[in-house]
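J.: Those protein sequences? They're chains A and B, same order as listed.
Each residue of the first sequence is one higher than the one before, counting from 1 in UniProt numbering.
Each residue of the second sequence is one higher than the one before, counting from 1 in UniProt numbering.
Hints are supplied without guarantee of correctness; some may be wrong.
[What the hints assert, rightly or not] In the DSS-like style, the derived pairs of lysine-lysine whose C-alpha atoms are separated by at most 25 Å in a straight line are:
| no. | chain 1 | residue 1 | chain 2 | residue 2 |
| --- | --- | --- | --- | --- |
| 1 | B | K435 | A | K539 |
| 2 | B | K219 | B | K298 |
| 3 | A | K399 | A | K435 |
| 4 | B | K389 | B | K202 |
| 5 | A | K389 | A | K202 |
| 6 | B | K539 | A | K564 |
| 7 | A | K298 | B | K524 |
| 8 | B | K399 | A | K539 |
| 9 | B | K298 | A | K524 |
| 10 | A | K219 | B | K524 |
| 11 | B | K435 | A | K393 |
| 12 | A | K524 | B | K389 |
| 13 | A | K539 | B | K539 |
| 14 | A | K393 | A | K435 |
| 15 | A | K564 | A | K539 |
| 16 | A | K299 | B | K524 |
| 17 | B | K564 | A | K564 |
| 18 | A | K264 | A | K248 |
| 19 | B | K539 | B | K564 |
| 20 | A | K299 | A | K219 |
| 21 | B | K539 | A | K435 |
| 22 | B | K299 | A | K524 |
| 23 | A | K393 | B | K539 |
| 24 | B | K219 | A | K524 |
| 25 | B | K219 | A | K389 |
| 26 | A | K399 | B | K539 |
| 27 | B | K399 | B | K524 |
| 28 | A | K298 | A | K219 |
| 29 | A | K539 | A | K524 |
| 30 | A | K539 | A | K435 |
| 31 | B | K389 | A | K435 |
| 32 | B | K299 | B | K264 |
| 33 | A | K524 | B | K435 |
| 34 | B | K564 | A | K539 |
| 35 | B | K393 | A | K539 |
[What the hints assert, rightly or not] A short list of chain B residues far from chain A (calculated; beta carbon distances all over 12 Å):
| no. | residue |
| --- | --- |
| 36 | A8 |
| 37 | P99 |
| 38 | E102 |
| 39 | W199 |
| 40 | L213 |
Derived from the structure by calculation, the hints contain no laboratory data.
Cβ atoms here follow ideal geometry from the backbone N, Cα and C, with glycine treated the same way.
Number of protein chains: 2
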Amino acid sequence: MKLTSMLAPYLPILTWGRTYNRGSLTNDLTAAVIVTIMLIPQSLAYAMLAGLPPQMGLYASILPITLYAIFGTSRSLAVGPVAVVSLLTAASISRIAAPGSEDYIFAAIALAFLSGVFLVAMGVFRLGFMANFLSHPVIAGFITASGLIIAASQLKAILGIQAEGHNLVQLAESLWAHRQDINWITALIGSLTTAFLFWVRKGLLPLLLTLGLTEPVAKIMAKTGPVAAIVATTALVWLLDLQNLGVKIVGAVPQGLPPLTMPKFSLDLWSSLLTSAVLISVIGFVESISVAQTLAAKKRQRIDPDQELIGLGAANIGAAFTSGFPVTGGFSRSVVNYDAGAETPAAGAYTAVGLIFASLFLTPLIFFLPKATLAATIIVAVLSLVDFKILGKAWRYSKADFTAVATTMAITLVVGVETGVIAGVLVSILIHLYKSSRPHIATVGQVPNSEHYRNVLRYDVITQPHILTIRVDESLYFANARFLEDHLLARATQQPQLRHVVLMCSAVNDIDMSALDSLEAVNKRLEDMGVSFHLSEVKGPVMDRLTGTEFLEQLTGDIFLSQKRAMDQLTPLT
Amino acid sequence: MKLTSMLAPYLPILTWGRTYNRGSLTNDLTAAVIVTIMLIPQSLAYAMLAGLPPQMGLYASILPITLYAIFGTSRSLAVGPVAVVSLLTAASISRIAAPGSEDYIFAAIALAFLSGVFLVAMGVFRLGFMANFLSHPVIAGFITASGLIIAASQLKAILGIQAEGHNLVQLAESLWAHRQDINWITALIGSLTTAFLFWVRKGLLPLLLTLGLTEPVAKIMAKTGPVAAIVATTALVWLLDLQNLGVKIVGAVPQGLPPLTMPKFSLDLWSSLLTSAVLISVIGFVESISVAQTLAAKKRQRIDPDQELIGLGAANIGAAFTSGFPVTGGFSRSVVNYDAGAETPAAGAYTAVGLIFASLFLTPLIFFLPKATLAATIIVAVLSLVDFKILGKAWRYSKADFTAVATTMAITLVVGVETGVIAGVLVSILIHLYKSSRPHIATVGQVPNSEHYRNVLRYDVITQPHILTIRVDESLYFANARFLEDHLLARATQQPQLRHVVLMCSAVNDIDMSALDSLEAVNKRLEDMGVSFHLSEVKGPVMDRLTGTEFLEQLTGDIFLSQKRAMDQLTPLT
Chain A
1 MKLTSMLAPY
11 LPILTWGRTY
21 NRGSLTNDLT
31 AAVIVTIMLI
41 PQSLAYAMLA
51 GLPPQMGLYA
61 SILPITLYAI
71 FGTSRSLAVG
81 PVAVVSLLTA
91 ASISRIAAPG
101 SEDYIFAAIA
111 LAFLSGVFLV
121 AMGVFRLGFM
131 ANFLSHPVIA
141 GFITASGLII
151 AASQLKAILG
161 IQAEGHNLVQ
171 LAESLWAHRQ
181 DINWITALIG
191 SLTTAFLFWV
201 RKGLLPLLLT
211 LGLTEPVAKI
221 MAKTGPVAAI
231 VATTALVWLL
241 DLQNLGVKIV
251 GAVPQGLPPL
261 TMPKFSLDLW
271 SSLLTSAVLI
281 SVIGFVESIS
291 VAQTLAAKKR
301 QRIDPDQELI
311 GLGAANIGAA
321 FTSGFPVTGG
331 FSRSVVNYDA
341 GAETPAAGAY
351 TAVGLIFASL
361 FLTPLIFFLP
371 KATLAATIIV
381 AVLSLVDFKI
391 LGKAWRYSKA
401 DFTAVATTMA
411 ITLVVGVETG
421 VIAGVLVSIL
431 IHLYKSSRPH
441 IATVGQVPNS
451 EHYRNVLRYD
461 VITQPHILTI
471 RVDESLYFAN
481 ARFLEDHLLA
491 RATQQPQLRH
501 VVLMCSAVND
511 IDMSALDSLE
521 AVNKRLEDMG
531 VSFHLSEVKG
541 PVMDRLTGTE
551 FLEQLTGDIF
561 LSQKRAMDQL
571 TPLT
Chain B
1 MKLTSMLAPY
11 LPILTWGRTY
21 NRGSLTNDLT
31 AAVIVTIMLI
41 PQSLAYAMLA
51 GLPPQMGLYA
61 SILPITLYAI
71 FGTSRSLAVG
81 PVAVVSLLTA
91 ASISRIAAPG
101 SEDYIFAAIA
111 LAFLSGVFLV
121 AMGVFRLGFM
131 ANFLSHPVIA
141 GFITASGLII
151 AASQLKAILG
161 IQAEGHNLVQ
171 LAESLWAHRQ
181 DINWITALIG
191 SLTTAFLFWV
201 RKGLLPLLLT
211 LGLTEPVAKI
221 MAKTGPVAAI
231 VATTALVWLL
241 DLQNLGVKIV
251 GAVPQGLPPL
261 TMPKFSLDLW
271 SSLLTSAVLI
281 SVIGFVESIS
291 VAQTLAAKKR
301 QRIDPDQELI
311 GLGAANIGAA
321 FTSGFPVTGG
331 FSRSVVNYDA
341 GAETPAAGAY
351 TAVGLIFASL
361 FLTPLIFFLP
371 KATLAATIIV
381 AVLSLVDFKI
391 LGKAWRYSKA
401 DFTAVATTMA
411 ITLVVGVETG
421 VIAGVLVSIL
431 IHLYKSSRPH
441 IATVGQVPNS
451 EHYRNVLRYD
461 VITQPHILTI
471 RVDESLYFAN
481 ARFLEDHLLA
491 RATQQPQLRH
501 VVLMCSAVND
511 IDMSALDSLE
521 AVNKRLEDMG
531 VSFHLSEVKG
541 PVMDRLTGTE
551 FLEQLTGDIF
561 LSQKRAMDQL
571 TPLT
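Chain A on its own, in the form it takes in the complex (with noise of 0.2 Å):
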């Protein structure tokens, strides 16, 4: 076996670069010109919005992308700072040090290190389904309530206002009682900004469609809305010196490529930010899968979730290693890299190439770009996230669900978003075993002239007085066990003329000790009522761990392959 092949799994790389032909270079060119050009602003304004300077942005995409295109398994996914990561990193690190500081940056280098090492340590131990405890209604409500609070916090720079907070509440308190401190050319160019970006995103692709485009193109030029909003509001403070009005601009941004940086490390640092780190890892790691495996399944190509891991790992010690800040894949921009026609993860390292020219070039340019204007693009981005929908869809689904969606939506918007990420996980594990613990359990009896046997309250079945059959839809384990005790033998109890109790097994897929335990405390009880107790229908895998327990040894009735075949031998013939 050749070191490539053995390596190939590891590194997608070997398998996609074996192939790579001039039509996959000019496809992948394409994108990548495309996709820098929306990066940059993104960076910047992401950056700002975990508190760290508008550098960081930039230096966040250039390695990070760079390592996820050598080793993720996506050919589409763009990687990067996103809007729900940077809010995390600034809920995190803003515990620890004060927003400015040395310390804060520190801090945030440090976080894209734990982060990274977790992922790679996940994808290694394959421990990648541990993502899958963030359910789905408590996704959507952790990224609607992050939306709001991501745009409630960025409307002080709309303003040109101080506030602060970490959840709703704190930040509107905050922004109210500098209220009188409204800068009002400042709030001008914010709103007017934020109008025409969302303007661009309803308004822009239809115009441009009239205007003779093809949808591709239209698609793409629509995109770059935000940094024609740049360029604008620049050369406006530029051209009428609003600085000097009190409009807060970017300023000097040091031009360079992105310092090497050293993690600090410290025990003390790294364990204040250890849960952070998870979190991070676990919220970024589902929010990149999910935009993966939708590019990946349009083009039938396969992502490996494990791998996905590893990807994202490196990208996020590569963003600790070159003064960045935790990353993940991104959907707009990944999106637009597959729009734009990605073929392969080398667009991802033309678009770094790029950002390098940007950080080395361009960023002079930015130097009267107002703060405003990067408020702006956050807020027309993640009120695109905002969906209250999902809690009439999920009421009308399952009040379960519902409880999942609305205890993470209200925790996040008024303690904040860890507490609320956590929460929710917790909320719906406690419904989930709860909705376990009370299976829904039928008694069954013959439907006529049939080998059948459904619940007596669905359907006209005969039963008899001596036999009762009991069906549990559930695998049996410790949270339900003493429920169906406590059920078989109050139902035992009721029954005088009962004689054999049936427990039908057609749906347990599972049968854990203390289920076992359970099963041998009712088969003594009902043997002390003179009651005996049989099982239909155990599935295999069932049957292999019961053969040689003590349960077995002293279960006073059968095991029947069929509930038919127990009826017919417990029924005397008469």
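Using the hints provided, position chain B relative to the given structure of chain A.
T.: Showing chain B alone in chain A's frame:
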């Protein structure tokens, strides 16, 4: 409806009290006398185990046993201090106050009160199912580890030295550090008493039977061994003035009725006791209900778990108001009560009268009782709880259950009782979630010449290259939704001729919103690949829920009542 019949479900006494007659009275009185004799040393010993004055053990038995007689549903359960709950009490309150101090006593009373309120609340809100999360492996591991810790903690009294600690490591270190201080007379009394009590357990019953006693009488007499040990060692100390040679004695115990106490209302105290109160309540409830159910089943009586919570809650609140500490239904005393012929909970009330007599008149008699004797009764009682066989049994049955037992046991022994239980509960929940997050998924095919569809790996079945049928043996919910999604998509990309994917849902008892979203995603992605997605054998309640969802509207394929119909329709006639 009469008031009494309205109240009957909440006051079981109204049910059994109505048919109370002279026969029941005689039986109950006999049982009460025997249980009283047994309870006196037990109560003193468990108070000592909890680090409390011995008379509190008596107090904790009087009103609680009476209140349980009114509110509880078991006819044989004897409520009072028990070993494990006393150990938990000591572990909890010694964090707050120094043993021997007044605050320590107040904390014990507050703990009983909180635990009582919590139990009543669980009963009223029908939250008894919460106890299910203490799985059998966790309970087994915890009881064995606690038994060892209790036995180790009593070694100090047996040896007449000082030793402290809340886990086996601390206790062993402390005993070793004080090894020079052993009082050899105490050690002699202690070890002989222990040996005698072990012999009583194993050897006395056969001896009494050989001597011609009937089995019930012999059984009960064998339980009075501790009383004999107490009488003998007390007499010995008194006769030889051993207290002057360093043998620690119980000393002056106040005579009189249990003093009324008012649980201290202190939010600080309560909040620091809350977790412990919850743990004690749940563990006490689980211990109590399993005893109650075992005994009730023998007489085909019914135990109502929610009413039991109220009964135990009332008992604990009673303990709090009469200078007691947390109580629950004990195993050995309830078995004695049952064996002695108790017919109704009135036996408990008569036992209370016996204990009042004891605390009024008998306490001077135990002035010379050596503490080593009490320690010996505890050691012998708890070592019978220690059962390492559970490790092997769990290992053979399932590695998951073994992990839960071993974790609980190890953490309880090394860290402490509360951490041990909590770790055990968390580990068993995580294991359950992990298992259900990677459900058994089988590719199925048709068993030749039949309507049965089975696992291709277990049976020799017929499959078709353009149809893939997958059966998933688990309810679909957030923890396994993405796993199924990955599996289906991975399988679909492997089979180039594929046109149809059928998901066989015969073992799917529920589909939550995350799983629905995953199915929607699978449907869309398969559509992108040109493959239709079908479901078969969907259960009634699951189908009810799916009706009206977007998923069903967008489904590219059909929903088939049976797998056979699916295959008939999807197989082209050739």
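J.: Could you run down the list of hints and mark each one as holding or not?
T.: Hints versus structure:
1. K435(B) x K539(A): Holds - the C-alpha atoms of K539(A) and K435(B) are around 17 Å apart, at most 25 Å.
2. K219(B) x K298(B): holds (18 Å)
3. K399(A) x K435(A): The hint holds at about 11 Å.
4. K389(B) x K202(B): It holds: about 19 Å lies between the C-alpha atoms, which stays within 25 Å.
5. K389(A) x K202(A): holds (19 Å)
6. K539(B) x K564(A): The hint holds at about 20 Å.
7. K298(A) x K524(B): holds (9 Å)
8. K399(B) x K539(A): Cα-Cα ~20 Å, so holds.
9. K298(B) x K524(A): holds (9 Å)
10. K219(A) x K524(B): holds (22 Å)
11. K435(B) x K393(A): violated (29 Å)
12. K524(A) x K389(B): holds (21 Å)
13. K539(A) x K539(B): holds (18 Å)
14. K393(A) x K435(A): holds (20 Å)
15. K564(A) x K539(A): holds (16 Å)
16. K299(A) x K524(B): It holds: about 12 Å lies between the C-alpha atoms, which stays within 25 Å.
17. K564(B) x K564(A): holds (21 Å)
18. K264(A) x K248(A): Violated: K264(A) and K248(A) sit about 32 Å apart, past 25 Å.
19. K539(B) x K564(B): holds (16 Å)
20. K299(A) x K219(A): Between K299(A) and K219(A) the Cα gap is close to 20 Å, so the pair holds against 25 Å.
21. K539(B) x K435(A): holds (17 Å)
22. K299(B) x K524(A): holds (12 Å)
23. K393(A) x K539(B): Holds, at about 22 Å.
24. K219(B) x K524(A): holds (22 Å)
25. K219(B) x K389(A): Not satisfied, since the Cα-Cα distance of roughly 69 Å exceeds 25 Å.
26. K399(A) x K539(B): holds (20 Å)
27. K399(B) x K524(B): violated (38 Å)
28. K298(A) x K219(A): holds (18 Å)
29. K539(A) x K524(A): holds (23 Å)
30. K539(A) x K435(A): holds (23 Å)
31. K389(B) x K435(A): Roughly 33 Å separates the two Cα atoms, so the pair is violated.
32. K299(B) x K264(B): violated (42 Å)
33. K524(A) x K435(B): violated (29 Å)
34. K564(B) x K539(A): Holds, at roughly 20 Å.
35. K393(B) x K539(A): Holds: K393(B) and K539(A) sit about 22 Å apart, inside 25 Å.
36. A8: It holds; A8(B) is separated from chain A by about 17 Å at its closest Cβ, greater than 12 Å.
37. P99: Given a closest Cβ separation of 34 Å, the condition holds.
38. E102: holds (39 Å)
39. W199: holds (29 Å)
40. L213: L213(B) clear of chain A: closest Cβ-Cβ about 26 Å, beyond 12 Å.
Of the numbered hints listed earlier, those contradicted by the structure are 11, 18, 25, 27, 31, 32, 33.
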